[in-house]
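Novice: Residues per chain, in single letters:
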Amino acid sequence: MPTETNDLQYADVHRDVIRSIVETGPQYYIALGTAFGVTLLCFFFPWSYQLYYGIGAAGMNHPGVWGTYLASFIFWIGLSHSGTLLSCVLHLTHSTWRKAMYRSAEAMTLFSLMVAATFVMVHVGRPWFIHWALPYPNQMEMWPNFRSPLLFDVMAIGTYITGSSIFIYMGSIPDFAAVRDRTTGWRNNMYALLSMGWRGTDREWHRLHWAYTFLAVLIIPLAVSVHSIVSWDFAMSIVPALHQTIFAPYFVVGAIYSGTAGIVTVMFVLRKYMDFGQYITKVHFDNLGKLLLVLSLIWTYINGIELFTGWFSGASSEHEALRYKLFGYYAPLYWEMIAFCAVAPLLCISSRFRTSFVPMLILSIAINIGMYTERFLIVGTSLSRQYLPDAWGVYVPSLVEISIIVGSLALFVTLFLVFVKIVPSVSMYEVKETMDAPKPEPVASPEGSPA
Amino acid sequence: MSLLDRFTDGWRKYRKPGYYEEFDYHWAMTIDLDKCTGCEACVTACQAENNLPIVGEKAFAEGREMKWIRIERYWEGEYPDVKLRFIPMLCQQCDSAPCETVCPVSATYHNQDGLNTQIYNRCIGTRSCAVYCPYEVRYFNWNDHQWDAPLEQQLNPDVTVREKGVMEKCTFCIQRIRQAKDHAKDDGRRRVRDGEVQPACVQTCPANALVFGDRKDPNSQVSRSMNDPRAYRVLEELNTDPSVVYLKKVDAKG
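Same order as they appear, the protein sequences are chains A and B.
Mapped onto the working numbering, the consecutive letters of the first sequence carry residue numbers 1 to 451.
Mapped onto the working numbering, the consecutive letters of the second sequence carry residue numbers 1 to 254.
One chain only, chain A, in its complex shape:
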């Protein structure tokens, strides 16, 4: 493990992490207040207006019946990907560098999924009937349509959100217990409940590890399938430029790509503002940088393939869709996406770049802007140029949509800020596993025993 954590003792880990929960400065309240305020103003207020007025409050029209709401939905599902998936893969491959960052990565998964689910509600025309898409016995004796890729999507996301919340919760139990043992009052009661009577016996540890590994194995195929299924919403159609077999791997890679970039952003923020500098180190940024480089290359390759198969098909509709994507109304966005997601990440070849925090932060944000653009273009360019030229059109997002996109970011930040004060955002027991055992000299210290 990195030398930087070597001078830390077990007790220091507890002290640092629990401090991040218990001690709350005015800075935090300002941040939370701002985030919550922006959420109310930019997300819930325009959404209420849209519920009252109808989806027409957004800029969608014919033929652009899908717009930024769906793009945002894919974006947030994508962002959710790296968290739990990365955590699972690294857990199974025994990568020690995972341990300091996985908790916040998994939280990112959970909250992105929640925001994505909210976007489904924002997207549909009559969200008050959204439960009809769930299979439950009802007085209408109606099942949802099991042939629909959208229904697969409901199932996949439902499973994924359940799986990843159990995963993050189970991994946090020993840490809840540790906090329980070091707090008093209502916090003590809350963590007593959350830790479900964890005592730290050998048997409990053994079971936890077994169950944790089991879930990790379970979640990896789930994560892959979720985004494949999201891609089928598009690929199962016969719209030119959407009807492609490459879409499932394309979406999965894109999801992991934007998710990894998201983790870099979140880790930078945690490091900077939560004083986790000793736990989240250059090693993490170095490794994530390498991962970003590989993912960007795969992503670029798939983009090339997409263009090639479109051209190779020889169909006039596909050619028009391609021409429109590369040189049409939305072309500046396309080339922006290429610059941010295919060209800029090549900087990660240099190890000096990977280990510098601020450039990595800028890159990670650029990648996610590019990836958002990608999702927008998938929806926007393809629907604008379909088979019948008479029905061609252009879709431009309205102010309500833009506001809701900004607001969703604030919603995510709000959820995350609440999270860091409730759940230890660095896994204490796993960080301790990477450290040397305490030296036998300070016998008197009562703090040195593991939780």
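Think of the hints as simulated: they come from the structure by calculation, not from any bench.
Every residue gets a Cβ at the ideal spot worked out from N, C-alpha and C, and that includes glycine.
Accuracy of the hints is not assured; some may be wrong.
As the list claims (entries may be wrong) - Label pairs and their computed distance ranges (CB to CB):
#1 A:Gly304 <-> B:Ala231: 41 to 47 Å
#2 A:Ile30 <-> B:Gln154: 56 to 62 Å
#3 B:Tyr120 <-> A:Glu141: 16 to 22 Å
#4 B:Asp182 <-> A:Gln139: 24 to 30 Å
#5 B:Leu155 <-> A:Ala331: 19 to 25 Å
#6 B:Ile54 <-> A:Gly304: 47 to 53 Å
#7 A:Thr245 <-> B:Leu3: 36 to 42 Å
#8 A:Val418 <-> B:Val159: 48 to 54 Å
#9 A:Gln139 <-> B:Asp251: 57 to 63 Å
#10 B:Leu4 <-> A:Gly304: 50 to 56 Å
#11 B:Asp251 <-> A:Ile402: 46 to 52 Å
#12 B:Asp251 <-> A:Thr245: 38 to 44 Å
#13 B:Asp241 <-> A:Thr96: 44 to 50 Å
#14 B:Asp24 <-> A:Gly393: 36 to 42 Å
Assemble the complex: chain A is given as a structure, and chain B must be docked to it using the hints.
Specialist: Showing chain B alone in chain A's frame:
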């Protein structure tokens, strides 16, 4: 009867093999492009018959007009040697419709008349059917519409007024088909006679370019018209199996 029995019973009833192949009627339409003048009388008739909202200037500019049948215009050639082509475009009532498979709540499905029906009350507004439809003939209610007095007096009582957030499209004037079938039943006749039912657009077409009828009856006007050598179907290569057949416009050589 237990829940499981009821379920398996229902399953057997609704999933009988051939449901999608064997229709009671098989309504179809032919559109003779040689006769079509592009006068848009069908568009207006449809508007009046089916309670289509008048969306107003702003919504029209935004591309949100409601036209279950529209006249597509295509210019051929370069000026001055230029030709204008018309093609009325309406729901093609595809027998293997992409919109039916994608709806998560089965708000659009194929009925026993071979019609692609839309259940407004079931629709949750994912708009995926409009994306999946290659003919772009599905229209979404972006907001609630108003009929200023006295326009509300002319709403057709046989047709629903749709609320915001719901998809709608051409139904082949299903209310008229239902009425004709009811009359046939009341008369003790077994089947609807050819020409007994006509959608508003067919009824209105001054050039008689539109022909409607039951494709299962080999002697109906529509069946005979479908055998015309000029017959073709739009985007046939997509295998959606449309029920609307177009008769090609033939230009005189010279």
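Novice: Are the hints correct? Go through all of them and say.
Specialist: Here's how the hints hold up against the structure:
Roughly 42 Å separates the CB atoms of Gly304 of chain A and Ala231 of chain B, a value that falls within the hinted 41 to 47 Å. Separated by about 59 Å at the C-beta atoms, Ile30 of chain A and Gln154 of chain B satisfy the suggested range of 56 to 62 Å. Checked against the hint of 16 to 22 Å, the C-beta distance between Tyr120 of chain B and Glu141 of chain A comes to roughly 19 Å, which is consistent with it. In this structure the supplied range 24 to 30 Å holds for Asp182 of chain B paired with Gln139 of chain A, their Cβ-Cβ distance being about 28 Å.
Between Leu155 of chain B and Ala331 of chain A the C-beta distance comes to about 45 Å, which lies outside the given range of 19 to 25 Å. For Ile54 of chain B and Gly304 of chain A, the Cβ-Cβ distance of about 48 Å falls inside the hinted range of 47 to 53 Å, so the restraint holds. Under the hint 36 to 42 Å, the C-beta atoms of Thr245 of chain A and Leu3 of chain B, about 40 Å apart, fit the expected range. Between Val418 of chain A and Val159 of chain B the beta carbons are some 50 Å apart, a value that agrees with the proposed interval 48 to 54 Å.
Here the CB-CB span from Gln139 of chain A to Asp251 of chain B is close to 59 Å, well matched to the stated 57 to 63 Å. Range check, Leu4 of chain B to Gly304 of chain A: Cβ separation about 52 Å, and the 50 to 56 Å hint holds. Remark: the range hint 46 to 52 Å for Asp251 of chain B to Ile402 of chain A is upheld by a beta-carbon distance near 49 Å. In this structure the hint that Asp251 of chain B and Thr245 of chain A lie 38 to 44 Å apart at CB holds, the actual value being about 41 Å.
Between Asp241 of chain B and Thr96 of chain A the beta carbon distance is about 59 Å. The supplied range of 44 to 50 Å is therefore violated. Checked against the hint of 36 to 42 Å, the C-beta distance between Asp24 of chain B and Gly393 of chain A comes to roughly 38 Å, which is consistent with it.
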